[in-house]
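Q: Under numbering that gives the first Met the number 0, think of the first position of the sequence shown as 0, with each following residue one higher.
Everything labelled a hint here was simulated from the structure, so no lab data went into it.
Possibly wrong hints are sitting among the right ones.
Unchecked claim - With a straight-line Cα cutoff of 35 Å, these simulated DSBU-like cross-link-like pairs (lysine-lysine) come out:
1. K143 to K54
2. K47 to K143
3. K98 to K54
4. K143 to K55
5. K55 to K98
6. K143 to K98
7. K98 to K47
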Amino acid sequence: MSYAFTLSNRGVRLIRAYEGFFATPRTLTDGREVIGFGHCLSDGDPRKVTRDEAKKLLDADVSGFETLINDVVHTSLTQNQFDALVSLAFSIGREAFLKSDTLRALNRGEFIRAADGFDAWRLACIDGQVYVIDALVRRRTAEKALFLRPTD
């Protein structure tokens, strides 16, 4: 890819809206703890953050996903497609994105099939049972709509 995208303000707003802001840690269904706007806690991370601190953590976290998408997508994208892909990868994680049908379809130039691949990531395992999660349905719907939206 000849042009390296960065996440637009629209993309940042999408991630913030669906991650929500938490000043103190919350535990996800998979056992990970997050703080701020979806920052996965590790040793040495703060146990309380302000909204401004959370924005800085998000910016740092997003940077890695911008690089990921720029590195592994080998077809031309629009800004909206890039933003949607960063949001998806941020939500499902690097390894899951690398194995996703969305990425495989994109790199074959199959944009509609790539968009359909967002729907695979609406599930969560809770206490050994797999559930369709309403919040993930809403997020994937928003990401997919952005992916398919023509650039302004």
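Q: Hey, K98 versus K54, does the alpha-carbon distance stay inside 35 Å?
A: The given pair, whose Cα atoms are some 28 Å apart, holds under the 35 Å limit.
Q: Please verify whether K47 and K143 have alpha carbons no more than 35 Å apart.
A: holds, 32 Å
Q: K143 and K54: Cα distance at most 35 Å?
A: holds, 24 Å
Q: Under the criterion that the straight-line Cα-Cα distance not exceed 35 Å, is the pair K143, K98 satisfied?
A: At roughly 18 Å apart (the allowed maximum being 35 Å), K98 and K143 satisfy the hint.
Q: Check whether the Cα positions of K143 and K55 lie no farther apart than 35 Å.
A: At roughly 26 Å apart (the allowed maximum being 35 Å), K55 and K143 satisfy the hint.
Q: Given the hinted pair K98 and K47, is their Cα-Cα distance within 35 Å?
A: Within the cut-off at roughly 33 Å; holds.
Q: Going straight from one Cα to the other, do K55 and K98 come out at no more than 35 Å?
A: holds, 28 Å
In terms of the numbered hints stated before, the structure departs from none.
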